[in-house]
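Number of protein chains: 2
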Amino acid sequence: MLDALFFPRSVAVIGASTKELSIGNRIIKNLQDFGYKGPIYAINPKGEEVRGLKPYASILDVPEEVELVHIVIPSKYVPMAMDDCGTKGVKVAIINSAGFKEVGADGKELENQVIAKSKEHGIRVFGPNCQGIINTDPEVRAYCNFTFTRPTEGYISIVAQSGGVAEVLNQRFSELGVGVRMYASNGNACDVSIPEVIRYWGADEKTRVILVYIESLADPREFMEVAREVASQKPILGMKAGRTVEGAKAVSSHTGGLAQQEIAIELIFNKTGIVTFRDQEELCQAAVAFSTQPVPGGNRVGLITNTGGPAIIATDELVDAGLTIPPLSDGARDVLKEKLYAAASISNPIDVLATAGAEHFRAAVDVLMDEREIDSVYISFVTPFFVDNESIARELVEVNKAGKKPIVCNLMTDKKQWADTLGILEEGGIPCYSFAETAAKALVAMTRYSELRSREMGEPRAFDDVDHEQARKILDNAREAAREMLTTTGANRLLEAYRIPVAGWRVVRTASDAAAAAEEIGFPVAVKADSPSIVHKTDVGGVAVDLKDADAVKTTVEEMLSRFETDEFEADDLRFLVQDYLPGGKEVIMGTRAEEGLGHLIMFGMGGIHVEVLKDVSFAVTPVTEYEARDLMMSLKSYPILEGFRGDKGVNREALIEILQRLSQMVIDLPVIQELDLNPIIAYEDRVCVVDARIGI
Amino acid sequence: MLDALFFPRSVAVIGASTKELSIGNRIIKNLQDFGYKGPIYAINPKGEEVRGLKPYASILDVPEEVELVHIVIPSKYVPMAMDDCGTKGVKVAIINSAGFKEVGADGKELENQVIAKSKEHGIRVFGPNCQGIINTDPEVRAYCNFTFTRPTEGYISIVAQSGGVAEVLNQRFSELGVGVRMYASNGNACDVSIPEVIRYWGADEKTRVILVYIESLADPREFMEVAREVASQKPILGMKAGRTVEGAKAVSSHTGGLAQQEIAIELIFNKTGIVTFRDQEELCQAAVAFSTQPVPGGNRVGLITNTGGPAIIATDELVDAGLTIPPLSDGARDVLKEKLYAAASISNPIDVLATAGAEHFRAAVDVLMDEREIDSVYISFVTPFFVDNESIARELVEVNKAGKKPIVCNLMTDKKQWADTLGILEEGGIPCYSFAETAAKALVAMTRYSELRSREMGEPRAFDDVDHEQARKILDNAREAAREMLTTTGANRLLEAYRIPVAGWRVVRTASDAAAAAEEIGFPVAVKADSPSIVHKTDVGGVAVDLKDADAVKTTVEEMLSRFETDEFEADDLRFLVQDYLPGGKEVIMGTRAEEGLGHLIMFGMGGIHVEVLKDVSFAVTPVTEYEARDLMMSLKSYPILEGFRGDKGVNREALIEILQRLSQMVIDLPVIQELDLNPIIAYEDRVCVVDARIGI
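Protein sequence lines, in the order shown, are assigned to chains A and B. Under my numbering, the first residue of the first sequence is numbered 2, with each subsequent residue one higher. Under my numbering, the first residue of the second sequence is numbered 2, with each subsequent residue one higher.
Next up, chain A with everything else stripped away, as it sits in the complex (with noise of 0.2 Å):
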């Protein structure tokens, strides 16, 4: 539990100084400032009295209880001052200091000292080298913290990893008139983590919305099994920066090079149901709407304006990111055509003209709430001199005190001269927007939330029908033999163990071997040199393909042998793949690997030019449930060549989910497969079946 942090019924700042512009005074001023509800203590050494307050030499002069200290003494004395701590019961540190890990080597060792003394001592750690906490709960009025903005008391917490656009974040509600709940910057994050502090929160009543800004992960697994408990229960809104670092999303044929975890952390804010955001704005206004208004339906909107050109713009905004705008319904229209200006349009949008007044609005309000087909209201309002905007302002609110549906709306007006108006709608709870576009993205990411919550992701499948001894015997002999690939026969074995079709095929050493498993396989075939000398082997001769019979094979191989048998070859080395030869089907690719404490990637793609050219794949996070599955395919480009289009049947894409799913299973069973592709699979339209695979442990 975090109470101590967040509700500390009293305060130490060890390294509190009477220098103005320095961090041991600002955070003294800043809870007195902010109206701390409990009591400062000021520890110097000096015994100079800081604005105000008695000085005392050590913490362990204070007569009363301490629960939380702000350390900002130099990084050195860090660890003695914990121990200190330790001994007057201190329950949370909050260590603004820098020069720890952010320095290098030697910071990491006082890093590492400090967590030491934070579990001998049972002192929860915040930071080090951070801003702090901040909390506008009127019963501690806590501003734990060095920055500058005093945020108003309301219903957004905002953690961020970097104080700089918590700050930003921070410093916009502000400028908004929108009041924050609690706050926090944990800057290195030794030991209270993002993932608590989103926990603690999730169980907080008056937080309505979460905003997570992150750069980067420390425990994935952590974040997303917090991430996916608390965010079922309420909104979380996340940014993630750095996704355009270089290489990130570069597509190369090495499908297992695909992954990196600027993916990976936008597809665990999805998995797990955080919408995700890349623009602070965007997030800020977004959450403006979530600490208001109810959770949409659906994705229906119904529009009223009393202008034009906006509502043209919430249009264009709203339909394209797929939420829809259907037509009323004839006694919806037959409502509006009674109560509202004859001249007005009763579709949606129903614009209700430039001289509605407060019952037109009303009416049109009314009939948006009632109508079965629409879950969300968008409402563009200029304010004309000429009409009583203020009652307009008032109706509006009314109806949006029920909660039916989600309300939000573009004021397009002075903010001086219609003041009244703008805090009418302010205080009734209504989210007001100066642009179209920003009420309608407000609007599409609550939506988009929805939509997240409601989906049935469902549990992984665990099949039951692998051979685990076969799997773990494949694996065991790679190991002992040092391979960092599995050989052409231990990757399609391990594949066969998983139950993952495999293309039929046999590796041999000779002509007459080859020529005897293509009989055995069925003509025609494809012969391939198979050998870890030899990388590309398109490149080389070494693949042959659509030989019709044994004749063929026999002098197929004889002709390689004389070629690649030469000194640069071990004799041992040189096999042969004699596979089923699959033409005329559409090649998918399939890909893992490993991401370093979050389990596998998985990718997966339309083959050849797709991927290569038109980068067109998709990635998830295992384990992958077949709802996910089904996902990774259907958000491909490319999906409708293997739905079928203009004739052509398609693919047999259940088998292809059950794959994934079997992929997922086999990485998570055995974390040592580092990379995997398969690439091609041939897909048809009854059968798939995988033609190369490569492993890597």
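Identical copies carry no separate label here, and so any pair may be met within one copy or between two of them.
Cut-off 30 Å, straight-line C-alpha distance, at most; resulting in silico cross-link-like pairs (DSS-like, lysine-lysine):
| no. | residue 1 | residue 2 |
| --- | --- | --- |
| 1 | Lys616 | Lys650 |
| 2 | Lys77 | Lys338 |
| 3 | Lys20 | Lys340 |
| 4 | Lys109 | Lys340 |
Simulated from the structure, these hints should not be mistaken for laboratory data.
Keeping the supplied structure of chain A fixed, place chain B upon it in accordance with the hints.
Using the frame of chain A, we list chain B on its own:
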């Protein structure tokens, strides 16, 4: 010249009213409150004094000259009022009254009367059904408009088809504390047009940037001509609404159906050098930078930051948009090493550290101004309480005064506590943004303008080898036969007249002629049943390909004849196209379509799944220069396939570029062509051939 509109020496309001909440009162109040420099005359037949002004029963009673009138009386009286204005010698009438073409046929008739009166009396008309204009120039202070926002003096001029959007933009600048130069919203635009306003502002020295909001273009050609001329001198920032109109970009197999005005307007923006926006906030924020900063010489950005996360966000945004962040020269790094703190990061971005003072920022910005490989400077500046932020701001302003390279600043601060810092930067002409994304997008827009302005678009190539005589004959024949589609023969011959290569072909009626034709063309050939009654040849078995000898051709044609020569077909109707069969090439498609008032759009794409599934096509407005034809091709996602990849040699792209230019000339020479589809064109490494052409007139 629109001087009388934007710099009126006197204004009369026909329909001046004593009612506070009427437009006839509001306009006078606005003129008075805004400090209009000329005399204002209230025309009120009831003889009531309006806002302290002596009433005149008629405009004819005004003793002095009247340059501009507002007309705010019911629409049916407007033509009569125009007569009075004519007698009086009024130069411009702003008709605010509604009830014209926007209300239907009667209103349209009334508007036509207004246009006639305008011509008869030589009065320029602004509107009707419009807001009016604003000019902040201290010489005139003309608020000839009934809206509510009072702009301060500035360098940004706004023209918008929607009064609502114009007001939102104006309001935003007001909130941002940024001035506006002139403002115009001309409603139905029956006389003074948006292009005319743009041309006028092009010549207005104090207008540094023009904002245009468009919903549709009355005269695209006029718009293009003016926009190109003005955009070459000063930036025009454009926004178009209505881009998701159902089907606007839906791609069907009927390639002519790809083009819509929704696409066309953004194409026109691009062709003429207007920077396109899809978000009003981005538009406004970019305008601020354009109004104070020089145009960057290229896309290479140098960044300076004193905080972490926000600089990462900026990097994402810049790199995503195609800007580059090059490494610094050794010389620059040496200077920075000497002048910055030891722990500072002297790469790009330069991290001067949170503790950096004025001298550090100055050193960094000086280095970037001197770097040859840097075109613009991005500053990420949070205001720590422990440094002298005002001095930093003063140094930045000092450098900015030289105007060497554009600067944008992401200023992260509390605008009240650091009002002086903000003030120094803003007065010093440095555009300041609260968010990294906004600052980055403004810089992206400036870089985009620089690229648009420096393009070498070239002139359309005039092909002198065209057989105009043959082209004319083909079209004459089609017209005489009252055909809406050219025959196969007509279409192919028209292409040949424009020297567009067509696969070897003959149209014949009998099996023996078909065999003879095939011998001439050379085997293999394809045979296609050719009749206006057969629309989907393939579906009814009317296509045979890869016929390798004369017998095969003969048999095929006989078989088709026996099937198709039934009562359904006129004997005369059924012909056979014998054609060179071209396997193994790459399919591309081209199309053109006539657009009302605009000329033609040209479409280019890869064939098959690329157009049908992946919607990977590009468009341009004719005339298409070589530069544009190349751009059409290179902007396809599948372009690498044409270029060749992974050993494939690609196709003769120069030949395709030439065909696009020849098509462009064809539809300009022959505007009667409504739709033209070349689908497919088969492209090889050496040559390209049209295989199927449909031309509608």
